[in-house]
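The residues making up each chain are set out below.
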Amino acid sequence: MINFGYTSNKDRQIVFDENDRSVYQILQSKEPSVDICIQCGTCSSTCTTGQFTQFSLRQIIVNIHRGEMDFINEDIRKCMFCGKCQLVCPRSVNTRNIIQVLITILN
Amino acid sequence: MNVEGKKLIWQDYQKEIADNNYYYVRSCVRQTFFPGSETAFLRILKTELNKDVCDQSIHTSCTGIGYHSDVVPIETTMTVVARQFALMTEAGYKNFVPSCITSFGLYTEVLETWHHFPELEARIRENLRKATGREFEKPDNLAHASDVIFKFRKEIAAKSKYRLINKNTGEPIKVVDHIGCHYSKMFPGKGIGGAEYPYVLAGMIEEWGGEVIDYPERRHCCGFGFRQYLVKQNRGYSLACSRKKFESMEPYEPELILTNCPGCPMFLDRWQYAINEMEGKSYGKNGQGIPVMTYEELAGLMLGYDPWDLGLQVHQVGCESLLDKIGIEYDPDKKYKGLEDKELGKPKTPSNILFV
Amino acid sequence: MTRESQTIAVIGGGPAGLEASAKLTGLGYNVFILEKNTEVGGHLLDWDRLFPDQQNASEVLDAIKAGLNENTQILTGAEVVEISENHRFDIKLAGSPQKITADAILVATGFDVFDARKKEEYGYGIYDHVITSAELETYFKNKKEILKRNGSPVKRIAFIHCVGSRDEKAGVRHCSRVCCVTAVKQAIEVKELYPDVEVYLFYMDLRMFGLGYEELYKEAQEIYNIRFIRGRLSESFENQDGTIMVKVEDTLAGKPMRINVDLMVLMVGILASSGTSEMGSKMGIGINSNGFLKPVNSHFSSQISNRAGVFLAGTCKSPKNIEETLSDARAAAVLIDNYLKAKIT
Amino acid sequence: MGAIAFHPFVLPFSIGVVFMLTALISRFILWKKKLPFADNEKIRNGFFTVKTLYALKEVFRESLLHRRMHRVNPLLGYMHMTFAFGWFLLILIGNIESRLYSGSEFNLPYYPIFFQYFVHDKTGMPLEKVFTYLMDMLLLFVLSGLALALIKRTNSRLLGLKRTTNIHKGDRIALFALWLIFPFRLIAESITSGVYHQGGFLTDTFGKFIDELLPVDQLVVPAWWAYSIVLGVFFVSLPFSRYLHIPAEIVLIFLRHYGLKPSKKFDHFSQMELFSCPRCGVCIDKCQLASELNMEQIPPGHFFHSIRDHRDDKEQAFNCLLCGRCEEICPVGINTLDIRVQRRHEFQVQDNKIQFPYLVDGKAQHAEILYFAGCMTHLTPGIKSSMIRIFEATGLSYYFMDEQGGACCGRPMQMAGRFNEAKAMVEHNQNIIDRCRPVIMVTSCPICLKSFKEEYIINAQLMHHSEFINLMMEKNKINLKHSGLRVSYHDPCELGRGLKVYNEPRKVLHQLSDLQPVQLEAHFSLCCAGSLGNTVLTNPQRNELANRTLDMLLENDPDALVTACPLCKKTLAGSNRCEVIDIAELVAANLILKGEPSRVLRTPMYSH
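Residue numbers (my numbering), protein chains in the order written: chain A, 1 to 107; chain B, 1 to 356; chain C, 1 to 345; chain D, 1 to 608.
Bound-form chain A, shown alone (with noise of 0.2 angstroms):
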């Protein structure tokens, strides 16, 4: 083998037929609500930890759909719990359960 001094970047494309989806599943059976998220933004604009972090439940919702489990585990730990997220999301998903789940499931 020879060190050229470079190596391959890594793809950044979701391959999506080759990511681990099943947590999408497990979520999916244990809070139905979050199939019915329209990727608004609400959730993550309005959210206590956002003012802190780059936490977006929104983008870990759908990065856990497409299977792009890296820093879920950390994200979904800085969520403080508060519930804002929970009282403006125009279609009600139970936003707080998802993180309940999460934290159970990927642990």
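Hints should not be assumed to be uniformly reliable.
Said to hold, decoys possible - Covered stretches of chain A (in silico footprint by chain D; criterion: 3 or more residues with CB under 8 angstroms from a CB of chain D, positions within the stretch not fixed):
id, stretch
1, 51 to 60
2, 79 to 88
3, 100 to 107
Stated by the list, open to error - DSS-like mimics (lysine-lysine), calculated; alpha carbons at most 25 angstroms apart, straight line:
id, chain 1, residue 1, chain 2, residue 2
4, A, Lys10, B, Lys281
5, A, Lys10, C, Lys255
6, B, Lys7, C, Lys169
7, D, Lys42, D, Lys264
8, B, Lys285, B, Lys244
9, A, Lys10, B, Lys232
10, C, Lys169, B, Lys15
11, D, Lys264, A, Lys78
12, B, Lys46, B, Lys161
13, B, Lys159, B, Lys325
14, C, Lys255, B, Lys244
15, B, Lys7, C, Lys247
16, D, Lys265, A, Lys78
17, B, Lys154, B, Lys7
18, A, Lys78, D, Lys314
19, C, Lys247, B, Lys185
20, D, Lys353, A, Lys78
21, B, Lys285, B, Lys348
22, D, Lys423, A, Lys78
23, D, Lys363, A, Lys78
24, C, Lys247, A, Lys10
25, A, Lys10, B, Lys244
26, C, Lys118, B, Lys7
27, A, Lys30, C, Lys218
28, A, Lys78, C, Lys255
29, C, Lys118, B, Lys185
30, B, Lys94, B, Lys161
31, A, Lys30, D, Lys314
32, B, Lys151, B, Lys46
33, B, Lys15, C, Lys118
34, C, Lys255, B, Lys185
35, C, Lys218, D, Lys570
36, C, Lys169, B, Lys185
37, B, Lys7, C, Lys148
38, B, Lys335, B, Lys161
39, C, Lys144, C, Lys99
40, B, Lys244, C, Lys247
No wet-lab data here; the hints were simulated from the structure. Virtual Cβ for every residue (Gly too), placed ideally from N, Cα, C.
Assemble the complex: chain A is given as a structure, and chains B, C and D must be docked to it using the hints.
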């Protein structure tokens, strides 16, 4: 796949290609990467097809690499391009044939720009006049060298000694084509077959007996992308692009990659070696690489030229497996011998698998 | 003169033309419906069920047709060649000595769906498993099974929104409005037929403008497990096994994405039909930048053309759903009546 | 007397008693050993004090008389009282009777129980007739309770219970044994009396009746066998059935008097509370999830049962509003909410990593009043601006701690049982509050207030804005005019049952408006269903509950509904059935300010 549908599209992208009297401009890098290719082009046109080709040594780089790397301003580039046209005009030619895809894209872009902004053209004429005292006519016909070979693919086939057919099985050789990005992605109408399903190389492969293989990442760039390769820190990105293509084509088991751009054969060839050195992965059959060729090299092989005259020994991925399949005769001992049997020196063989 | 002595030529026998004719004959006028095709009904003939309540298109068409009375004359296969004006309009039809004389003309020449072949990179007409929404509708209508070319079942379907809508590269700047909800409707229908099929919708925006559409969208998520991915198809490719590789940017995850599907359905947009453009140029009616016919004022006289006695109804003016089309046709009928009454007195 | 009275049929009873006592005593000894040192210390220090006497008094009042149960449901109270107090008296009087007869201090334990078998002629015994009458009377008393128990089991509605608890295997044996004890005693004593004519008004009469039908002299011994067996069965099954609540409650009462309290973790005190639950079922009807949404398994009666039986209680633990209606009503005074949260904690992933590293010291500023609006209040800006207006009217200096948003108070995390995480937030906010050094700390959110009261150490008068407004009113710092509105007041759970703030908001509202009564108020108020305590409920379920609550609140057709919690406001307003305003908003709109005309509350948006 519905080939009929593809043909409908090909019909929409027909292109006028002059049939004689070409003014040939060479590529900066091809002569060092694949030195036999341009020689083969001239030999085919002049001796096989009896065409008039003007090949001068006084033209310069088109500045394309510098232009796309943001180091040469556009007016400078246009003036250099204007000088190339002036040389053509002075030599009495009207059909401009660049060897390089980047050049072809650049000439097309300059001509299009002048078409829409005549005042710019006037200023460039003025610049050229001031700098060199030359005047120029815009070419009547601008075609890439691969367009010219495409135009005469049937004539070449008629004169061919070999066909792209496995002599043992009688099956056509499976070839993937890779078109240089600047050939038609910028101006789909200027490329044979357009940008989505280019036909220029596919037409040659079909005509010479091979089977064209489509694969999902066919349109993806080889990874040259000037700034990606030229800066060493970015080189991993270049490598990743080629790797994406290899991984995508691998299941189709192609036996040859055919290219028409200076950079693409370079990267598709050398990166196979680099990936193998880094990770031990190879994409051809039996742990071998997939041979990569330029269209001139392939045309030359079909016409029975000696592989070593075509410069196939400077390829990183050895082409002997393909030559054997087609049944092309060659002398293995002469591989690393130059003109008058001068020793060229042997490359260091890759450590883990036999690539050369 | 009375209403009974006056004649109106309705060009185009789609929902708008038929509905306007029904209202006009109801008022007592004589109406000629000039239909280029062999049958009246327009695109409704090819449609199976309508959003958002899944009513049968044929029921709707029958209800419209039921309004026609004996004062209506339907001429099918009738292509307008020339229109001349001499107090009244004289209309010459192709291949027919018959000349129609009318006191007013209603243009209801409708729309054509976008020719998906123009989006070459999507592979329609080239890849085996790429169809349009209009084709899918005929599958539903003819109870044709949705299978792969080799007869094996389809496991995953992608619906691609905005094919020939909101696409300057395809020369279409407008939003075709109804395709979003059509995609949702068709996705649900697919799931009803094949509950195990995975369905993905690739969209830029979801424009659920009508009452009941948003509910349908939510139903798709909640009941049918249909997934929406916000990303517009850049290009597709046919894999070795005939599946289609869909390449999008997953804009919400902020990453490029690729996903293999067995069937790709292109939600083709609504364009002014060739007949619409033809009528526009033949009669000197204004054409807007999207290729649709331009009424004199799009707010308060949206059924009146710039040429006296020529009226416009339906999707020759803009993409519309059935409800809007029929309302528009009825409005046109009223305006034609007003126009002719003024002439009578 | 002479020889010791004995018959083999006393064995089942005797073995049962010995077994039960052994099981109970060993259980309690084991349990006490596991108690933390501090708790044991409390027990040691309290034992020889007046606390023991108070505990005894409470045991008498609650374990025997069931006073609290009487208050909740008289019939149910009576039923429990007959079993507990009636049986207790039967044993007590029976003992006295047998001792008086034998004149001995020492009796074998079974002797008083089977006294009627061993002694047929009590002539010469002091107060012979009185005892005979009393014992029959007491037996009748217990039997009347048994009749009620049978009715409760078959038709609970007659006892004012819409639902009752279910019985499970272990319980069933104990329950049937218990039911049979007193009828069998009646039969045994009556048959004996049928032979020897020794009984009182009940047993003698019944004995004569049986004598007419059956050969009573042959039935005497079998009848006593039967009575002894059911007693034995009951005693053996008691430690393994819900009847463990009888001894457990007594122990619990003592422990409470010695100062033991529920902790955050599910510990031995929690277990004692759990075993003290008699599964009387009064909590079931009070639970809105059970009564409105048919989630039968949620109320503590069932929830505790699942824990005791080691069944999966996760759903039950999390699907609870923590509204406190069950705790309020519980006759045993079990801390139902604490146990619920303790169980949640058990299910949570214990994470000892540093929580919320992104929380860095926030800005602090000294002022007389420190105002913490709370996360939810940021979604009801009307409350925030009203509070600012009120603060300004008081002329006191104030600092709005989370004006630009801040960390959550930690209560929602606490309620979810994630204590480490909650602690991190508490520490963050505590630090800011300490640096602010306020005189009064006001919050608009009862959820936060509860957390501040329980989790924080705040050296200031800590109060909800309704209390603050009342205080300012009483000190004449603000003056209010009547709004002219008829309003109804909704007690937020956390403010009312959680913190016992019932009067202050009402006092303020009386000043401001025409306050209408509602059917369920204060202690008994309904939850709005927006509760952060529940993570499981779906939105349609929450809407359903909110609508039922509104049905009750809007009975008197008020002009507006007033509440004192941003979450209640949002939840109740979501139905669009009436104008919902916060008490602060009503106050702010009706402040009498010098030199400025007071604002008029906008007209109600929804007419009804």
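Against the structure, the hints come out as follows:
Figure legend: the stretch 51 to 60 of chain A, annotated as covered by chain D; annotation consistent (3 residues with Cβ-Cβ distances under 8 angstroms, at least 3 required). With 7 residues carrying a beta carbon less than 8 angstroms from a beta carbon of chain D, the stretch 79 to 88 of chain A meets the three-residue requirement, and the given coverage holds. With a cut-off of 8 angstroms between beta carbons, the stretch 100 to 107 of chain A has 4 residues touching chain D; three or more are needed, and the interface restraint holds. With a CA separation close to 16 angstroms, the supplied pair Lys10/A and Lys281/B stays within the 25 angstroms bound.
Our distance criterion of 25 angstroms between C-alpha atoms is met by Lys10/A and Lys255/C, whose separation comes to about 13 angstroms. This hinted pair checks out: Lys7/B and Lys169/C have alpha carbons roughly 22 angstroms apart, not beyond 25 angstroms. Distance restraint check for Lys42/D and Lys264/D: the Cα-Cα separation of roughly 18 angstroms lies within the 25 angstroms cut-off, and the hinted pair is therefore satisfied. Distance check on the hinted pair: Lys285/B and Lys244/B sit about 18 angstroms apart at the alpha-carbon level, within 25 angstroms; holds.
Straight-line distance between C-alpha atoms of Lys10/A and Lys232/B comes to about 16 angstroms, which keeps the hinted pair within the 25 angstroms bound. For the hint pairing Lys169/C with Lys15/B, the CA-to-CA distance comes to about 22 angstroms; that is within 25 angstroms, so the pair holds. Between the alpha carbons of Lys264/D and Lys78/A the distance comes to roughly 23 angstroms, so the proposed pair stays at or under 25 angstroms and holds. For the given pair, Lys46/B sits about 18 angstroms from Lys161/B by alpha-carbon distance, which is consistent with the 25 angstroms threshold.
For the given pair, Lys159/B sits about 20 angstroms from Lys325/B by alpha-carbon distance, which is consistent with the 25 angstroms threshold. The hinted pair formed by Lys255/C and Lys244/B meets the criterion: a straight-line CA distance of about 16 angstroms does not exceed 25 angstroms. Our distance criterion of 25 angstroms between C-alpha atoms is met by Lys7/B and Lys247/C, whose separation comes to about 23 angstroms. Distance hint between Lys265/D and Lys78/A is fulfilled; the C-alpha atoms sit about 23 angstroms from each other, no more than 25 angstroms.
Of the supplied pair hints, the one linking Lys154/B and Lys7/B holds, its CA atoms being roughly 18 angstroms apart against a limit of 25 angstroms. This hinted pair checks out: Lys78/A and Lys314/D have alpha carbons roughly 23 angstroms apart, not beyond 25 angstroms. With a CA separation close to 17 angstroms, the supplied pair Lys247/C and Lys185/B stays within the 25 angstroms bound. Restraint check for Lys353/D and Lys78/A: the C-alpha separation of about 12 angstroms stays at or below 25 angstroms, so the hint holds.
For the suggested pair Lys285/B and Lys348/B, the alpha carbons sit about 22 angstroms apart, so the restraint of at most 25 angstroms is met. For the hint linking Lys423/D to Lys78/A, the alpha-carbon distance of about 14 angstroms falls within 25 angstroms, and the restraint holds. For the hint linking Lys363/D to Lys78/A, the alpha-carbon distance of about 21 angstroms falls within 25 angstroms, and the restraint holds. Pair hint Lys247/C plus Lys10/A holds up; C-alpha atoms about 18 angstroms apart against a cutoff of 25 angstroms.
A hinted pair counts as satisfied when its Cα atoms are at most 25 angstroms apart, and Lys10/A with Lys244/B qualifies at roughly 10 angstroms. Annotation: proposed proximity of Lys118/C to Lys7/B holds, straight-line Cα distance about 14 angstroms (limit 25 angstroms). Proximity of Lys30/A to Lys218/C is assessed by CA-CA distance (about 19 angstroms); at most 25 angstroms being required, the pair is judged to hold. With a C-alpha separation of about 23 angstroms, the suggested pair Lys78/A and Lys255/C falls inside the 25 angstroms cut-off, and the hint holds.
Taking the CA atoms of Lys118/C and Lys185/B, the gap is about 16 angstroms. The hint holds against a cut of 25 angstroms. For the hint linking Lys94/B to Lys161/B, the alpha-carbon distance of about 33 angstroms lies beyond 25 angstroms, and the restraint is violated. Between Lys30/A and Lys314/D the CA atoms are separated by roughly 12 angstroms; this keeps the pair inside 25 angstroms, and the hint holds. Note on Lys151/B and Lys46/B: the hinted pairing holds, with a Cα-Cα distance of about 15 angstroms set against a maximum of 25 angstroms.
A C-alpha spacing of about 19 angstroms is found between Lys15/B and Lys118/C, which places the hinted pair at or below 25 angstroms, so the restraint holds. Distance restraint check for Lys255/C and Lys185/B: the Cα-Cα separation of roughly 23 angstroms lies within the 25 angstroms cut-off, and the hinted pair is therefore satisfied. Note on Lys218/C and Lys570/D: the hinted pairing holds, with a Cα-Cα distance of about 23 angstroms set against a maximum of 25 angstroms. For the hint pairing Lys169/C with Lys185/B, the CA-to-CA distance comes to about 14 angstroms; that is within 25 angstroms, so the pair holds.
At most 25 angstroms may separate the alpha-carbon atoms for a hinted pair to count; Lys7/B and Lys148/C meet this at roughly 23 angstroms. Distance check on the hinted pair: Lys335/B and Lys161/B sit about 21 angstroms apart at the alpha-carbon level, within 25 angstroms; holds. For the suggested pair Lys144/C and Lys99/C, the alpha carbons sit about 42 angstroms apart, so the restraint of at most 25 angstroms is broken. The straight-line distance between the Cα atoms of Lys244/B and Lys247/C is roughly 14 angstroms, inside the 25 angstroms bound, and the hint therefore holds.
Checked against the numbered hints listed earlier, the structure breaks hints 30, 39; every other hint is satisfied.
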